[in-house]
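Student: So the protein lines, in turn, are chains A and B. The first sequence lines up with residues 1 to 448 when you count with the numbering used here. The second sequence lines up with residues 1001 to 1188 when you count with the numbering used here.
One should not assume that every hint holds.
Label pairs and their calculated CB-CB ranges [unchecked claim]:
id : chain 1 : residue 1 : chain 2 : residue 2 : range
1  : A       : Ser382    : B       : Arg1188   : 21 to 31 Å
2  : B       : Arg1188   : A       : Gly360    : 55 to 65 Å
3  : A       : Gln151    : B       : Asp1088   : 34 to 44 Å
4  : B       : Ala1093   : A       : Asp279    : 18 to 28 Å
5  : A       : Ala412    : B       : Ala1176   : 20 to 30 Å
6  : B       : Ser1091   : A       : Glu234    : 22 to 32 Å
7  : B       : Asn1114   : A       : Gly360    : 49 to 59 Å
8  : B       : Ser1173   : A       : Pro96     : 51 to 61 Å
9  : A       : Val154    : B       : Arg1175   : 54 to 64 Å
10 : A       : Arg189    : B       : Thr1064   : 51 to 61 Å
11 : A       : Gly269    : B       : Glu1174   : 37 to 47 Å
12 : B       : Asp1187   : A       : Arg426    : 53 to 63 Å
13 : B       : Glu1174   : A       : Gly435    : 21 to 31 Å
By construction, these hints were calculated from the structure, which means they are not laboratory data. Every residue, glycine too, gets a C-beta built ideally from N, C-alpha and C.
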Amino acid sequence: MTLHDMISRLNLKPVRESVTGMWQRRALLGGLGAVGAGVALPALAQFRVEIAGVGATQIPMAVARFRDEAAGGQPIAAIVRANLERSGLFRGVDAPAALDETARPAMAEWRARAADALVAGSVTRLADGRFDVRYKLWDVVKGEDLGGQSQAVVAGDLRLAAHRIADAVFRQLTGEPGVFATRLAYVTRSPGRFSLIVADADGEGAQVALASPEPIISPAWSPDGRQLAYVSFETQKAVVWVQEVASGRRRMLANFRGSNSAPAWSPDGAQLALTLSRDGGSRLFLQPAAGGEPRRLAAGGGAGVIDTEPVFTADGATLYFVSDRGGGPQVYRMPVAGGAVERVTFNGDYNISPAVSPDGRALAYVTRASGGFRLMLMELASGRAQPLTDTRDDESPSFAPNGRLLLYATRAGGRDLLMTTTLDGRIKTRLLAAGIDMREPAWGPFGR
Amino acid sequence: MKRIAGMTALLLAALVVAGCAAPVALDAAGGAPVETRTPGAAAAARAPAAAAAPGAGAAAAPQTQVAAVDLGRQGVAAAAIDRIVLFDFDSDAIRPEFRTLIDAHAQRLVANRNLRLVIEGHADERGGREYNLALGQRRAEAVLRSLVLLGAREAQIEAVSFGEERPAVAESSERAWAQNRRAELRDR
Chain A
1 MTLHDMISRL NLKPVRESVT GMWQRRALLG GLGAVGAGVA LPALAQFRVE
51 IAGVGATQIP MAVARFRDEA AGGQPIAAIV RANLERSGLF RGVDAPAALD
101 ETARPAMAEW RARAADALVA GSVTRLADGR FDVRYKLWDV VKGEDLGGQS
151 QAVVAGDLRL AAHRIADAVF RQLTGEPGVF ATRLAYVTRS PGRFSLIVAD
201 ADGEGAQVAL ASPEPIISPA WSPDGRQLAY VSFETQKAVV WVQEVASGRR
251 RMLANFRGSN SAPAWSPDGA QLALTLSRDG GSRLFLQPAA GGEPRRLAAG
301 GGAGVIDTEP VFTADGATLY FVSDRGGGPQ VYRMPVAGGA VERVTFNGDY
351 NISPAVSPDG RALAYVTRAS GGFRLMLMEL ASGRAQPLTD TRDDESPSFA
401 PNGRLLLYAT RAGGRDLLMT TTLDGRIKTR LLAAGIDMRE PAWGPFGR
Chain B
1001 MKRIAGMTAL LLAALVVAGC AAPVALDAAG GAPVETRTPG AAAAARAPAA
1051 AAAPGAGAAA APQTQVAAVD LGRQGVAAAA IDRIVLFDFD SDAIRPEFRT
1101 LIDAHAQRLV ANRNLRLVIE GHADERGGRE YNLALGQRRA EAVLRSLVLL
1151 GAREAQIEAV SFGEERPAVA ESSERAWAQN RRAELRDR
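With the rest of the complex left out, here is chain A (with noise of 0.2 Å):
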């Protein structure tokens, strides 16, 4: 088997030059396993993996228990392996005693499990109340240490490290940046009830940011990750809100007359498009975060035409809506600073609610066919476009930030849930939580 033929198997994108070495050296780990079918999860974690397609090529990996972690109160090691092995990437081999980062494992014995790496590490209560959380990661293949790192958090936090440490292994095999810190928004519905929901990326920690007797729409994360905006019914009408997460301070962002929703913040934070109806109709419009006046965009159509859900490109420069100047919604893109706006999807007489990737190479959206609504992901290189799913009421896809997984609602069995998938469609995970139906979800950004 050639390296190009590991790198397929692990359904990753084309690898560009700088992961060249990192690939390398992970194919000298050896041993990448026979095939692999579905993974059995511990309870942990709420998003279950779901690995559709035989011959899904796997990394043996053993993650030892920590020293002290129970002193904590977070099982870190377990959190760590569900993490690795959620993405698809990792096949989780059992280790049965607690090891510590200063010890020296016997690569011998750990071959001997087959397993072609292994993290172990330790908890330690510090005198200020906080907790030293260390790891270190061996190539057991090669029998070398490959280094690890100590982070010092609060106990509210301990859920975090664990994360943290996941993220920093995958990048060490991979090359590529994890997203097991990041969280997510989405909105839960029981009767008479709307909430906005802030959860860890694995779906566990799940806080109410909002509780409402009227529905919650579109949320959106600050480009810092500390603020999300969001529409809420809850003055009778959709009005755009701001609100610290951690604080809970919230402020209305848009209450113009008529209808106020679809934010979308700037990458610099600065200022959201909105689509708001103080003129008439839906169009889009510029705000600074700080509030004040709102600027139209200059996005053409005629009078009576539908734009809405904007979204900026990573750099800024670019805005990919929806509008139906055309007759139906289709995405549409314009730059930013003002110009000619061009229509990007073609197939179908409805597509709608676009996500870009953050290199821009892609975009997500949804499209009616056959009277469902599918999840797309186009290349906008060369317009060529496939489903990702094969459930017929796709909704609200939204990109990790490393650009490898997108998040998006669904409904199966009666029943509102989360989802998200490689941007082959290949891996996939569900979150589902009993007699709740969740959806808007939107992932939240790096810096955790």
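With the hints as your guide, set chain B onto chain A.
Tutor: Relative to the frame of chain A, chain B by itself:
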């Protein structure tokens, strides 16, 4: 006691009447009428009370008269007018069968420039939430434009949308969708 009170009342009434431009004979048709007005009577008349005083004949309305304005009954009367306009799929065109409803609300707005309405537009659940919010807004604004064309002032009306978020019928059927594609006119 009673007779004295009655006499005093008559005396007072006579004194009051004596100051009127059009004197009413005390013994004409039972004398100057003491009005007993009920809220029902007032609302049913739906016109300035003085002009419709029953039994007053052609004479001026009594000065002791108090015209009751019952907001509750006004609300009930307004509710007696339909306030839901339904729409076809993917359309914001006002169907002919709703013209009477819109006319009636336009008349209310013209008759009372202090009256404020909010028009709440809705869409059925199919399709994206933000696009459906915009479709609902389009329907609300179509109704607003009709009202303005019939004489209402734009400042009296706000058009808003709930998109698919507040269905009238929470089911997934053609029947439910037809009920959900609507604009509701509410007094503010």
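Student: Are the hints correct? Go through all of them and say.
Tutor: Hints and how they fare:
1. A hinted range of 21 to 31 Å for the beta carbons of A:Ser382 and B:Arg1188 is inconsistent with their spacing of about 53 Å.
2. Take B:Arg1188 and A:Gly360: their Cβ atoms lie about 46 Å apart, and the range 55 to 65 Å is violated.
3. At roughly 60 Å, the beta-carbon separation of A:Gln151 and B:Asp1088 lies outside the given 34 to 44 Å, and the hint is violated.
4. Between B:Ala1093 and A:Asp279 the CB atoms are about 22 Å apart, so this pair conforms to the stated range of 18 to 28 Å.
5. A:Ala412 and B:Ala1176 have their C-beta atoms about 21 Å apart, which keeps the hinted 20 to 30 Å range intact.
6. Checked against the given bound of 22 to 32 Å, the beta carbons of B:Ser1091 and A:Glu234, roughly 30 Å apart, stay inside it.
7. Hint check: B:Asn1114 to A:Gly360, Cβ distance near 54 Å, so the stated range 49 to 59 Å holds.
8. Checked against the hint of 51 to 61 Å, the pair B:Ser1173 and A:Pro96 passes, with Cβ atoms roughly 57 Å apart.
9. As the Cβ distance of A:Val154 to B:Arg1175 is approximately 56 Å, the hint placing it in 54 to 64 Å holds.
10. Our hint of 51 to 61 Å for A:Arg189 and B:Thr1064 holds, since their Cβ atoms are close to 58 Å apart.
11. In this structure the hint that A:Gly269 and B:Glu1174 lie 37 to 47 Å apart at CB holds, the actual value being about 45 Å.
12. B:Asp1187 and A:Arg426 have their C-beta atoms about 56 Å apart, which keeps the hinted 53 to 63 Å range intact.
13. Checked against the hint of 21 to 31 Å, the pair B:Glu1174 and A:Gly435 passes, with Cβ atoms roughly 29 Å apart.
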